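2 protein chains.
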Amino acid sequence: MFSPIKNTKVYEKVIEQIKEMIAKGTFKKGDKLPSEREMAESLKVSRTSIREALRELEIMGIIESRQGEGNFIKDNFENNLFEPLSTIFLLKESNPEEILELRHIIERGSVILAAERITHEELEEIDLLFENAKNSNSEEELVKVDITFHYKIAQASKNFLIVSILNAISFLIESFIKNTRKNILTEKEHKAMLIQQHRTIFTALKNHDSNAAEKAMSTHLQYVNTQMKKGIH
Amino acid sequence: MFSPIKNTKVYEKVIEQIKEMIAKGTFKKGDKLPSEREMAESLKVSRTSIREALRELEIMGIIESRQGEGNFIKDNFENNLFEPLSTIFLLKESNPEEILELRHIIERGSVILAAERITHEELEEIDLLFENAKNSNSEEELVKVDITFHYKIAQASKNFLIVSILNAISFLIESFIKNTRKNILTEKEHKAMLIQQHRTIFTALKNHDSNAAEKAMSTHLQYVNTQMKKGIH
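Protein chains in written order, with the working numbering: chain W, 1 to 233; chain D, 1 to 233.
No lab work stands behind these hints: they were computed from the structure.
This structure is a prediction, so every number in the text was calculated from the model and none was measured.
Treat the hints with care, since some could be wrong.
When chains are identical, the list treats them as one kind, so a pair holds in a single copy or across two.
[Unchecked claim] Listed below are the simulated SDA-like cross-link pairs for lysine to any residue, each with C-alpha atoms no more than 25 Å apart in a straight line:
#1 13 <-> 93
#2 92 <-> 82
#3 74 <-> 59
#4 9 <-> 175
#5 32 <-> 95
#6 152 <-> 139
#7 191 <-> 141
#8 215 <-> 104
#9 29 <-> 214
Take the sequences, apply the hints, and build the full model.
Quick look at the structure:
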């Protein structure tokens with residue numbers, strides 16, 4: 001019996017070359033790639049192979065193709081982790097509690113780093129966020145404030161891997177634990193409690209007190225998760 | 001001026017349908033998909049569109065194509081998160097310390113869950129792992145024991161999202177902080193210290209003592225990270 005022969009795929013070699021150039025810093029985020037023709041000529045491969053490679057890099061979320069403008073190294077990875085995490089979630093038949101658990105773990109860790117690293121400007125931004133929220137009663141606005149508050153803490157950790165994972169988790173919550181966040185935020189008793197919990201976290205951040213920040217975040221997410229789990233069942 | 005018209009892509013609709021069938025449980029991990037011909041007939045689209053959709057699902061890590069056998073929903077997601085995390089790492093010009101920080105955060109959290117949820121069988125597996133390590137002096141064997149120990153703790157957390165992220169982080173460490181883990185494990189003084197730290201974590205797990213497990217893991221990873229950072233610089 002013959003064994004099937006695996007094709008050596010030219011486009012895979014093209015992908016490797018482009019990734020290496022990213023790793024070496026030749027291409028940086030936002031950079032425009034050379035045209036298909038130029039790449040085909042300098043790599044001595046067919047334009048079909050270049051097109052296949054670019055297509056795959058686009059699916060991987062590494063480049064984006066803008067019609068009439070060409071191909072660019074992506075600048076925005078917000079959704080990059082969501083797709084694979086959501087696939088894992090679906091295919092492993094995970095339950096929504098696992099998402100909340102993961103969020104709790106990462107936010108508890110990131111708030112410790114944030115307390116150490118948050119800048120004066122970042123603290124002021126959060127303060128402004130709270131001020132604006134005071135004057136609003138719209139549900140949508142309150143959800144936005146909540147998401148932004150947690151996002152700003154992640155950013156203040158200055159660890160972009162953490163920011164990316166928390167973004168993906170936020171999308172997971174939106175997709176698989178629908179509407180629960182909104183329900184919590186708009187019930188009157190919860191609303192007051194959540195505002196107070198956010199304030200406690202903020203004070204700890206302002207004092208650069210990692211221990212207090214961790215405790216406050218943990219209390220907050222325990223409360224939120226308990227409410228959300230009620231929504232799930 | 002005309003605006004460019006965005007093609008409605010048939011294969012994207014095919015992808016959506018397949019994903020929905022996964023979400024609904026019609027397709028489960030390991031399942032074989034219908035043949036290209038059958039799918040083309042029942043979805044009333046061209047075989048080219050089916051092939052494009054399958055190709056994209058393969059790149060996303062959702063299906064795998066086995067030559068001569070057909071297409072299967074993937075059973076193994078070990079590498080699914082690595083690719084996008086590594087892209088983020090490279091393109092955001094992150095530094096290796098961010099990987100170690102993320103690992104510390106997630107393992108600290110997962111060991112708390114593991115202490116609550118670890119079974120008698122899982123504890124015995126770790127005990128056996130230690131026994132086998134005692135009789136070995138090969139570097140490779142010690143690295144394997146270390147990786148397996150941490151992997152078993154992640155699994156004992158019973159949260160597959162955590163397991164997946166820690167797997168991806170482990171690959172990141174292999175790829176971007178090369179050889180450092182090995183160096184630590186084989187220097188004599190470190191080796192004795194690490195064995196002792198692993199034992200302390202294990203005892204806490206056996207006692208189902210989350211607090212002690214968290215502290216022991218934190219001490220352990222602080223030690224490991226400090227050594228690894230020396231390797232980075």
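Verification of the hints:
Taking the closest pair of Cα atoms, residue 13 and residue 93 come within 25 Å of each other only across two copies (23 Å); inside a single copy the shortest separation is 35 Å, beyond that limit. With identical chains, the CA atoms of residue 92 and residue 82 are at most 25 Å apart both within one copy (15 Å) and between copies (17 Å). Proximity of residue 74 to residue 59 under the C-alpha cut-off of 25 Å is found in both arrangements, the shortest distances being 11 Å within a copy and 18 Å between copies. Proximity of residue 9 to residue 175 under the C-alpha cut-off of 25 Å is restricted to the inter-copy arrangement: shortest distance 23 Å between copies versus 36 Å within a copy.
Proximity of residue 32 and residue 95 under a CA criterion of 25 Å is satisfied inter-copy only: 24 Å between copies versus 41 Å inside one chain copy. For the identical chains of this complex, residue 152 and residue 139 are intra-copy neighbours only, at 20 Å inside a copy versus 43 Å across copies, given an alpha-carbon limit of 25 Å. Within a single copy, residue 191 and residue 141 get their C-alpha atoms as close as 13 Å, which meets the 25 Å cut-off; across copies the closest is 54 Å, which misses it. When the C-alpha separation of residue 215 and residue 104 is checked against a cutoff of 25 Å, the pair qualifies both within a copy, at 12 Å, and between copies, at 18 Å.
Taking identical chains as interchangeable, the C-alpha atoms of residue 29 and residue 214 are never at most 25 Å apart, the minima being 33 Å within one chain and 38 Å between chains.
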